[in-house]
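Given the structure of chain A, go ahead and fit chain B onto it with the hints provided.
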Amino acid sequence: MITMRFFPHTPEQIQQMLTVVGAESLESLFSGIPEECRRLREMNLPKALSEWALNRHMEDLSAGLAVSPESKIYIGAGRYDHHIPATVSSLKSRSEFLTAYTPYQPEISQGTLQAIYEYQTLAARLMGMDVVTASHYDGATALSEALLMAIRKTRRKRVALSSLIHPFYRRVAQTYLEPAGFEILELPFLENGLTDLSPLEGATDIAALSLQSPNFFGCIEDLKAGGQKAHETGALFVAGFTEALAYGLLKSPGSQGADIVFGEGQSLGIPVTFGGPGLGMLGCTSEHTRNLPGRLIGKAKDMDGKDGFVLTLATREQHIRREKATSNICSNNSHCALTAAMYMASLGKSGFCDLAKLNHDKAAYLRRQFTDAGFRIPFSSPFFNEFVVEFPEGFETTYQRLVEKKIVAGLPLSTFYPELSVQYLFCVTETTSREDMDALIQEVTS
Amino acid sequence: MKDISELKFPENVRYTKDHEWARLEGDVVVAGISDYAQDQLGDVVYVELPQVQDRFENGEVFGTVESVKAVSELFMPIAGEVIAINATLSDLPERVNSDPYGDGWMIHINPSDPAALETLMTREAYLDMLKG
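Same order as they appear, the protein sequences are chains A and B. Quick note on our numbering: the first sequence kicks off at 1 and runs consecutively. Quick note on our numbering: the second sequence kicks off at 1001 and runs consecutively.
Don't read these hints as lab results, they were simulated from the structure. Think of the CB as a built atom: it goes at the ideal place given N, C-alpha and C, for glycine as much as any other residue. A hint or two may mislead.
What the hints assert, rightly or not - Using C-beta positions, here's what the derived DEER-type ranges look like: (1) ASP1091(B) to LEU26(A): 56 to 62 angstroms; (2) ILE1083(B) to LEU358(A): 56 to 62 angstroms; (3) ASP1113(B) to GLU107(A): 50 to 56 angstroms; (4) LYS1008(B) to SER95(A): 53 to 59 angstroms; (5) ARG94(A) to ILE1083(B): 37 to 43 angstroms; (6) GLY348(A) to LYS1008(B): 55 to 61 angstroms.
Claimed, not checked - Keeping only pairs whose Cα atoms sit at most 30 angstroms apart, straight-line, the calculated DSS-like set for lysine-lysine is: (7) LYS324(A) to LYS1002(B); (8) LYS1008(B) to LYS299(A); (9) LYS357(A) to LYS92(A); (10) LYS1017(B) to LYS1002(B); (11) LYS1017(B) to LYS1131(B); (12) LYS324(A) to LYS362(A); (13) LYS349(A) to LYS301(A); (14) LYS157(A) to LYS324(A); (15) LYS251(A) to LYS362(A); (16) LYS251(A) to LYS349(A); (17) LYS1017(B) to LYS299(A); (18) LYS362(A) to LYS406(A); (19) LYS1002(B) to LYS1069(B); (20) LYS1069(B) to LYS153(A); (21) LYS306(A) to LYS1069(B); (22) LYS92(A) to LYS301(A); (23) LYS299(A) to LYS1069(B); (24) LYS1008(B) to LYS1131(B); (25) LYS299(A) to LYS349(A); (26) LYS301(A) to LYS1069(B); (27) LYS299(A) to LYS324(A); (28) LYS251(A) to LYS306(A); (29) LYS224(A) to LYS153(A); (30) LYS301(A) to LYS1002(B).
What the hints assert, rightly or not - If you want a taste of the chain B side facing chain A, the calculated C-beta under 8 angstroms gives, among others: (31) GLY1042; (32) TYR1046; (33) GLU1066; (34) VAL1071.
So here's chain A without its partners, still in its complex pose (with noise of 0.2 angstroms):
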């Protein structure tokens, strides 16, 4: 019988590796381990299953998931359905891209260094910032990072976060900032769902504050009003997105006064898979770059005067400044920093720009559908892509009867809103047809 065959080590092995070290068993070798940190009970795992079998599982698994396209699905809310053109799945897959790993050596890594420094282009042009990392695992550790940032730079140890900043993300940033004494503000939101910064007012220990811009009720943040309010109380203005689709047609949050933007890229040509892996997009004016964590690439000249590229300002960076670096999680999503670049060239300006254009369209069309069909939208302001819709008292049973027709009617907000217990979130991309629009809400009105 094979059991632990992912196990590299026999038990001669292990007992080879004990001796040099000095150590009796493994439980001895261990022992330094306090034994709360332990886990003592047995894994009590399954049996291992032959790989058909374990197939089978899989697909038994995947039956009981709604996936697009066979399902109809509305739900946006940090995870986009967009089409992804055949040109990015294809250079993607390239073996000198999936292989490449930190490319430390210049001199054979080139090609690697100029397409990572053409993603920080042309992410710094969508974010409206000077200098953008070569990526962070997602949205969420980008904000977490963002803030961070700002604490440094202030000295400050408060931080304020909209509470309609996606709520994954708002308990990322807690893992990371309140076990080190940092302290979380949540402004709360108004009734025409954007994020509501009185409580800001004659505050003078903020360290940053915080926007989602779509928020994630989808509304436009007034970022301007934000940067104004952070500025006025010698705060960084820290504002990003979960949609970065929506930055085709709004404002980029750098030319409207942001500090440091953080988002989430995964809709620049990265699948909706079951929720990653995602791209982490961090940028910051010039002024704050010495204090940005992670990657970057730099153009450069070689000894002949040639373009090249290479890792820069690496100085700030882990391997060479140990625990006094500006972070301790530099991993990366290169590879999806990669695929977003390629997405956002296959498009072009114009191209990303009729997209975004197209999925507010899309939307608008929906999002009348319903006050047509006699829905309330609850909060009036502008949107994108996403909308929020009022069902009366019981439509939990239309939404199940509609999840068994393979249509999944948005989000129920009360899941992280629980006073908003008949408010449902809706998205719409390019994706959508409107035959499958119209269908809904012949659904949600029989």
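What follows is chain B alone, placed relative to chain A:
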């Protein structure tokens, strides 16, 4: 890197084991890094300085100096309050290389105990340390 004999070590400053220098000017202590330190670091590209009114103990980190090779901590040569910083270094960090005891100064300190300066190394003691 230069030989120690080619580097400048003025008599009128005191030195720390971490290669900062400190000089009393009236009631104020002026501090920077030594000619040896700048020579070891190579081209300085960035100097991160504290804020005026920051207070530090002797030996505490008050900033960093970044060269093309490395980032190094800057340590307080004497306890006290920072009363001025050399803001020109943000645009002209190379002054740390070209004139470490003059235009390349980093901070002015109002020392808690000016007499503590006497405990730092003289030129001779510092040279002895460098020569090992």
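May I ask you to test the hint 55 to 61 angstroms on the CB atoms belonging to GLY348(A) and LYS1008(B)?
-> holds (58 angstroms)
Restraint status (C-alpha distance of LYS357(A) to LYS92(A) at most 30 angstroms) = The hint holds at about 26 angstroms.
Would you say the C-beta atoms of LYS1008(B) and SER95(A) sit inside 53 to 59 angstroms of each other?
-> holds (56 angstroms)
Pairwise hint evaluation, LYS301(A) against LYS349(A), where the allowed Cα distance is 30 angstroms at most | holds (28 angstroms)
Between LYS1008(B) and LYS1131(B), is the straight-line Cα distance small enough, at 30 angstroms or below?
-> Distance ~14 angstroms between LYS1008(B) and LYS1131(B) Cα, so the pair holds.
Measuring from beta carbon to beta carbon, are ILE1083(B) and LEU358(A) in 56 to 62 angstroms?
-> holds (60 angstroms)
For the range 37 to 43 angstroms, tell me whether the beta carbons of ARG94(A) and ILE1083(B) fit it or not.
-> Check failed, 58 angstroms falls outside 37 to 43 angstroms.
Given pair status - LYS349(A), LYS251(A), alpha carbons within 30 angstroms | Holds: LYS251(A) and LYS349(A) sit about 14 angstroms apart, inside 30 angstroms.
Would you mind confirming whether the straight-line C-alpha gap from LYS301(A) to LYS1002(B) stays at or under 30 angstroms?
-> holds (27 angstroms)
Going straight from one Cα to the other, do LYS1008(B) and LYS299(A) come out at no more than 30 angstroms?
-> It is violated: about 36 angstroms lies between the C-alpha atoms, which goes past 30 angstroms.
For the pair supplied as a hint, LYS1017(B) and LYS1002(B), is the alpha-carbon distance within the 30 angstroms limit?
-> holds (19 angstroms)
If you draw a straight line from the CA of LYS1017(B) to the CA of LYS1131(B), is it 30 angstroms or shorter?
-> holds (13 angstroms)
Hints 5, 8, 12, 17, 28 and 31 from the list above are not met by this structure, while the remaining hints are.
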